[in-house]
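Colleague: Line order of the protein sequences matches chains A and B. For the first sequence, this note's numbering gives the first residue as 1, with consecutive numbering after it. For the second sequence, this note's numbering gives the first residue as 1001, with consecutive numbering after it.
Source of the hints: derived by calculation from the structure; they are not laboratory data. All C-beta atoms in this analysis are idealised placements derived from N, C-alpha and C, irrespective of residue type, glycine included.
Residues from chain A that keep clear of chain B, each with C-beta distances beyond 10 Å, as calculated:
(1) S53
(2) V98
(3) V114
(4) T119
Some chain B residues near chain A, calculated using beta-carbon distances under 7 Å:
(5) G1081
(6) R1083
(7) N1090
(8) C1127
Here is what each chain is made of, one letter per residue.
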Amino acid sequence: MSINRRQFLGLSGAAIAGAALAPSLRLIELAQARSPEETASAQHRWGLLIDSSKCADGCTSCVNACAEENGIQGHGRPTTDAQWIRKVTLKDKQTGYVQNLPLMCQHCESPPCVDVCPTGASFKRADGIVLVDKHICIGCRYCMMACPYKARSFVHEVTTGQKAYAPRGKGTVESCTLCVHKVDRGDGSTACADACKKEGHQAILFGDLKDPDSEISKRLASQPSTQLRADLKLNTGVRYQGI
Amino acid sequence: MRTVKLLRPFSGLVLAVGLILSGVSVFGHDKAAHAADASGAVPMPVHTFEKGEQCVEPVDVMRRNHMQLILHQRDKTMHEGIRTTQHSLNKCVDCHADKKTGSVLGKDGFCENCHRYSAVSIDCFECHSSVREASAAVTAPPSSVRVLTAQPQKTNATATVMDGGSAKNAGAVFPPKGKTP
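Okay, chain B solo, but in the shape it has when bound (with noise of 0.2 Å):
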């Protein structure tokens, strides 16, 4: 109690010197983003948007319900057809995925870096595609996968236009007609 009564006069003091310690750790680790924090503080995920200024709905409804919208649109889409593009998981990946890496996965990318923040896994891409359409590309099979075809030219002849990275894709995975065995 005696201690308490000597601050006393000192309090106001004690308050402002409390109150600027603070607001630098604040501003410091707005500024430090994604580097590790000296504090031990969990470092904040980086959120970038590759393509247009605006989500599809405001940021905090897409923060908090992103995932409700995904799972209603999926249902559409898979039982009834319907292929909006508005709440449709291709539709995130296509604005959202990195630019070098043409995913939303990775250290940086976009799903990933929120997901590892708030330590939740995400289960969408052990089946859906995690880069950008075109960007396909990026994402050639190891050479221990092989593309089901018997006759790779032909294939690759027969490329579709919906995806432009698979006659790419064809023949990373491939060897020139020359070099088969």
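Same shape as in the complex, but just chain A (with noise of 0.2 Å):
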């Protein structure tokens, strides 16, 4: 086959076109997945966003799908058995009514629990997410005592059942983890969310705070939202609505 310069030209301009495109479709397509080999950026802020009207009453799905995702199990003694999440009921007493929302770790901006950590085990990800390193936590519960939100629990009992992507001991101490193994995977959601979605409440959004174009973004900036105990100034990763 032969072919004449201009063909030639056509030929080799349209391949380095090509080369010069298909790395940053690539790369399109991987800012969605951090690979596993990255580190956590703080360029993303991961947040959530819940909106207590969508709330149901009575409903535990979220809690029910965090226990079931993080491996959490318990033994029957409510005041001592860890809880990433809970359902909390709120009542104006004047009025009387009520709502419900679910509380976890606001994972916040400045966290009181990483202040108070004598070892370093109570720690800010880059991306936001606060974390107990359970390697070198030493069980002695200031972090508990530290959180306005009542948001980390103790390991009391002998584990059994862990998920591998979400070790936990005896003697430490935990707390929600906005999904972490999830977030670095790149599913971008949390169990939480995923459950209240497929009950049809949709109450709770997940999302990259410091990403304009995020859904949970575009909600923060039109509609009006608060950080729970706004006051302590904590800057909160986790908002809410309708309270």
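Build the complex from these two chains, which are given one at a time in their own frames, with help from the hints.
Modeller: Encoded structure:
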């Protein structure tokens, strides 16, 4: 096959354009799911937006889904069993108006639990997720006392049936991880948000607070929302509507 | 001194018998592997490899340095969110978990076996799962332990795709709906 000069130039131009465009297309695709070698980036800040007006009375789907996802097992002792997410009922004493909302770690920008931790086990990841490094947690429970949301639990008893991606053990403190394994996998959602959606309530929305095009950012920009105990100026990653 | 002098002509023979005996004992040791040793020596640990043919690093590197590799990966995963599987504990379990028990613990479990031999305690599995993900149903918790769910039937329906064993697990923990008091 012989090609003339014009054809050759045309073909090579197309080849160069293809080589230049292909990686960028790939990059757009990868931006959704971070590769396993990549570190969690401060360009994201993961958070939740919870609409308490959509949270149904008596529904515990989010709590169940969290326990199922993270392998949290209890011993039938509600006062000491671990609790990563719980349903809270608010009642206006004057009017009698009752509201429900799920409450979990608020993933603060300035987390008091991290401030008080004597070993550095309590820490905030670059992408805003507040976690406990159980390898260095000594179980002192200072963080539990410091947390204004009572979001953390101490594991009092030997654990069984842990999930490979969610280790948990006796003598350490734990709390909502914002389904960090799902975040790292690029699922773009948490177990509680998925369960709520499945129930048809759609009260919980997960997203990137730093991405102006994400649904959560758009809703936060266009609708009123609030932080729990905003007076503490913790800049929580979990925001509420309808309270 | 006199006896030594007397034995000198037979020294070659004594040496040969000694060598043969030691050879027999080494051979016997290899063969007996994990069985109780008549000579009183501590039985050698058994190594099992359930998946693949080669570890992520050469065997001598792994024997000496596996703890450093896991420790390094631990901090990277925990604090930076790096989830490569090359040196992760999950990957260890995935390849080395026993076929029968699905676990790296137990009498013949890959980790416990060797750690017991060298009298080093393993803390990893106080928190981490010691069973291969797919066979998680093997370690269904005792009946006194309950999954923290109020509506078991619904939870079964929302079992996540990630863990094939979770639905089975939940089924093993809860009695069927009809039997619930």
